[in-house]
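**Student:** Protein chains in written order, with the working numbering: chain A, 1 to 174; chain B, 1001 to 1117.
Quick caveat, the hints were computed from the structure, so don't treat them as lab data. Being a predicted model, the structure only gives us computed values, none of them experimental. Glycine included, C-beta positions come from ideal geometry on N, C-alpha and C. Treat the hints with caution; some may be incorrect.
Claimed, not checked - Computed from the model, here is a short list of chain B residues facing chain A with C-beta under 7 Å:
1) R1009
2) V1012
3) W1016
4) A1022
5) P1024
6) F1026
7) T1029
8) A1033
9) H1037
10) A1038
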Amino acid sequence: MRDSDALDNNPHISRSALEAIHSQVYGWAFSRCDFDHATAEDLMQQAYVELLSGNARFDNKSTLRTFVFSVVQNLARSRFRRVSSRLRLVKKYHRESTVEHVETTEPPADDGVWRAVRALPARQRDIIELVFCRELTIEQASAVMGVTTGTGRVHYDRAKKALRERLQDWAEEE
Amino acid sequence: MQNSDKGLRDQVRQGWVSNGDAEPSFETTWQAAQQRHAAGRQHYRRFAGAAAVVAAVVIAMYAQPPAGETYIEVADLLESTYWTAPSDALLPDRQFDIYQDMPVIFESTKPAGGALL
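The whole structure should be built from the sequences, with the hints applied where relevant.
**Tutor:** Structure follows, in C-alpha cells:
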C-alpha cells in the first residue's frame, strides 16, 4: 500500500509518518552529537537525504522509528569515524593544526542520575537511552545499535546494575 | 524487580536532557534535506554528463574503423628515394673505372724481407 505522500525512492515511508516521529528522532540525533544542536540538525538533514534518495531503503521489516533511528546511528558513527581518522592523520604527521572545536551545549539537567548515565560505557548508555527515554523495546534498541538481542540484553542488565550501584553510592555520600 | 526497574526508568527520564527550544521544526529540516537531495542529484547529473562526453571523445579517437587498405605505388616509392653504389660513397674521388680501366698490376720477383714486393 502506498500513501499519498510516500517518498518516491522509499515507497514504504510517508512524509507524514516521518513528521510524526521527527521530535523523537531529533532527540536521538541530539544525543548522538554530544548534545550539539547544529550538528544534530545537520545529521537529521543527512538522514532525510538518505531516505529521499533511497540509499537507506525501508522494507517494513521493523518499525519506521527503529529504522530511522538506525539510519541516524549509522550516519553518526561514520561521521565519528571520519573525524577520528582525521585526528589520527594529524597525530601521525605531527602537524600543528587548528582542529575545529565543537562547542557542546551542556545538558541543563545535571543531577545524579544524569551524571550516572553519562558515566556508563557508550553501549550501555545507548541502550538505557533507547529503552528508558525513547521507549523502544530491547529488541528494537539492539537493532538500532546493530547488536544481537542477546548482547543488547547483556548491556541493558549491566547498565541497570551499574546505575543502581552508582546512585546508591551517591545517595550514601550525601 | 519490575517496580525497581520502573523507578530507575522514571529517574532517568526525569534527569534526561530534553531536546530544548532549539529543536528545528520538521518543515525546516525537511525542506533543507530536499534542497540537499536536489543539489546532490544535480551534481551527479553534471558529473555523469561530463563523464559521458569524455567517454564519447575517447571512443571516437581510438575506436574509429580503418578507412580502407592502401597500397604503396612503386613509382612513388622510387621517386622518394635514390640508390647509390657503396663504392661511390666510399671512394668519392675514384681514379679509375674498375671495369674499364684496369690498373697496372705491379709484378715483382724481388723478395724483400722474405716476401715478394
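**Student:** Taking the hints in turn, state whether each one holds.
**Tutor:** Results of checking the hints against the structure:
Satisfaction of the interface hint for R1009(B) is found here, the shortest Cβ-Cβ separation to chain A being roughly 5 Å, below the 7 Å cut-off. Annotation: interface hint on V1012(B) holds; nearest CB of chain A at approximately 5 Å, less than 7 Å. At its closest, the beta carbon of W1016(B) sits 5 Å from a beta carbon of chain A; the interface hint therefore holds under the 7 Å criterion. At a threshold of 7 Å, the smallest CB-CB gap from A1022(B) to chain A is about 4 Å, leaving the interface hint in force.
Checking P1024(B) against chain A by beta carbon gives a least distance of about 5 Å; that is within 7 Å, so the hint holds. Annotation: interface hint on F1026(B) holds; nearest CB of chain A at approximately 4 Å, less than 7 Å. Restraint check, T1029(B) versus chain A: the minimum CB separation of about 5 Å is within 7 Å; hint holds. About 3 Å separates the beta-carbon of A1033(B) from the nearest beta-carbon of chain A, less than 7 Å, and the hint is met.
Hint on H1037(B) holds. Least Cβ distance to chain A is approximately 4 Å, under the 7 Å limit. Here the hint on A1038(B) is broken, as its CB sits about 9 Å from the closest CB of chain A, past 7 Å.
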